[in-house]
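Going by my numbering, the first sequence opens with residue 126, and the numbers climb by one from there.
Just so you know, these hints were derived from the structure itself, not from any lab.
Glycine included, each C-beta is placed from N, C-alpha and C at the ideal position.
Incorrect hints may have been included.
For lysine-lysine, the following DSSO-like pairs were computed, each having C-alpha atoms within a straight-line distance of at most 27 Å [stated by the list, open to error]:
no. : residue 1 : residue 2
1   : K393      : K157
2   : K361      : K393
3   : K393      : K200
4   : K200      : K157
5   : K200      : K361
6   : K393      : K370
The calculated label-pair distances, taken between Cβ atoms and stated as ranges, are [to be verified]:
no. : residue 1 : residue 2 : range
7   : S270      : R296      : 25 to 33 Å
8   : D161      : H405      : 40 to 48 Å
9   : F253      : R366      : 17 to 25 Å
10  : S348      : A240      : 37 to 45 Å
11  : P165      : H405      : 48 to 56 Å
12  : H225      : E339      : 36 to 44 Å
13  : D287      : G172      : 51 to 59 Å
14  : P169      : E140      : 19 to 27 Å
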Amino acid sequence: MPELPEVETIRRLVERHLVGRALETVEVRLPKLLRDSPFPSLDPLLGRSITGARRRAKILIVDWSGDLSLLVHFKLSGQLAIEHAGTDRVVAGHPVPDPHGPYPHRATHVIFGFAGGNTVYFSDVRQFGWLRLMPTARAEEVVESFGFGPEAVGHDSIELHDMAARLARRRIAIKTALLNQQVMAGLGNIYVDEALHRAAIHPGRPANLLRPAELVRLHAAISWSLERGIEQGGAKIVHNRAYPKDGFPQVHGRAGEPCVTCSAPITKIRVGARGTYFCHRCQPA
DNA sequence: TGCGTTGTTTCACC
DNA sequence: CGGTGAAACAACGC
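Go ahead and model the full structure; you've got the sequences and the hints to work with.
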């Protein structure tokens, strides 16, 4: 579930709470999460400090002293919790395990202990996420090798004409095109639905057939939905239902609930084998 | 208990 | 080579 806004929220937490902290202990309870990691263990981080946290697409890049970088992908259900002195806790990413419940949880797979009393818990119910440790120079190459398109939001995000050009050569459903990280980077199933609803575009429309006015609306709607998500610290979807009951996300996870624009009930369909929510009145085929 | 779940990769094919 | 569409995969909850 973590898409760009959730990963960006985690990045900001790492930046705010952990930069300059030295790592004293690390426990990897589920080593398979390090699959494909150039360094097969996180022990090389012991004694080193976090120098910064970056993000590219949905990948978190944590930079450490000694020119090491830890790449983290949260996939469907990754979550990071940062606790200070066993009391104050900030949590971002997937809403399970319960941010207010006890840690470590049985889905907690990595525990970092920092000087100064910070404990960090990486949890992942589905275990689809991964961590990869490598020299920073190699991290740049690895991130590059993913071939991500421009960022979907932010100061250097994709420009309208670039987005239009990239969509013009795809005949697939606009939703499917926007989920492709090589077209643009950061959108996932939740924010795509939000952006298309905001732009009043049916998710199944062929990407190359959008009219200029629709492209303008879509470009603005993508930034809007991702910014709303970041503002809110991420989206909360539990058992296919959106929370809070009235709020953002406005369509994803709200089958049967009234459209915020026209009050017609939100419909759930499948587009490219993905659960897709939209308003049949605001987003005509 | 088999299906749904999502981000991503892989594959055959045009 | 690049776009397409389908299938596969990760593992768990319901």
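Results of checking the hints against the structure:
For the hint linking K393 to K157, the alpha-carbon distance of about 35 Å lies beyond 27 Å, and the restraint is violated. For the suggested pair K361 and K393, the alpha carbons sit about 18 Å apart, so the restraint of at most 27 Å is met. Note on K393 and K200: the hinted pairing holds, with a Cα-Cα distance of about 23 Å set against a maximum of 27 Å. Between K200 and K157 the alpha-carbon distance is near 15 Å, which keeps this suggested pair within the 27 Å criterion.
Pair hint K200 plus K361 holds up; C-alpha atoms about 15 Å apart against a cutoff of 27 Å. A distance of roughly 17 Å separates the Cα atoms of K393 and K370; the hinted pair therefore holds under the 27 Å criterion. Roughly 27 Å separates the CB atoms of S270 and R296, a value that falls within the hinted 25 to 33 Å. Roughly 43 Å separates the CB atoms of D161 and H405, a value that falls within the hinted 40 to 48 Å.
Range check, F253 to R366: about 21 Å between beta-carbon atoms, so the 17 to 25 Å window is met. The given range of 37 to 45 Å is respected by S348 and A240, whose C-beta atoms sit roughly 39 Å from each other. At about 51 Å, the beta-carbon gap between P165 and H405 stays in the expected band of 48 to 56 Å. Under the hint 36 to 44 Å, the C-beta atoms of H225 and E339, about 42 Å apart, fit the expected range.
Taking 51 to 59 Å as the suggested C-beta distance range, the pair D287 and G172 does not conform, at roughly 44 Å. Between P169 and E140 the beta carbon distance is about 22 Å. The supplied range of 19 to 27 Å therefore holds.
When the structure is compared with the earlier hints, violations turn up for hints 1, 13 and for no others.
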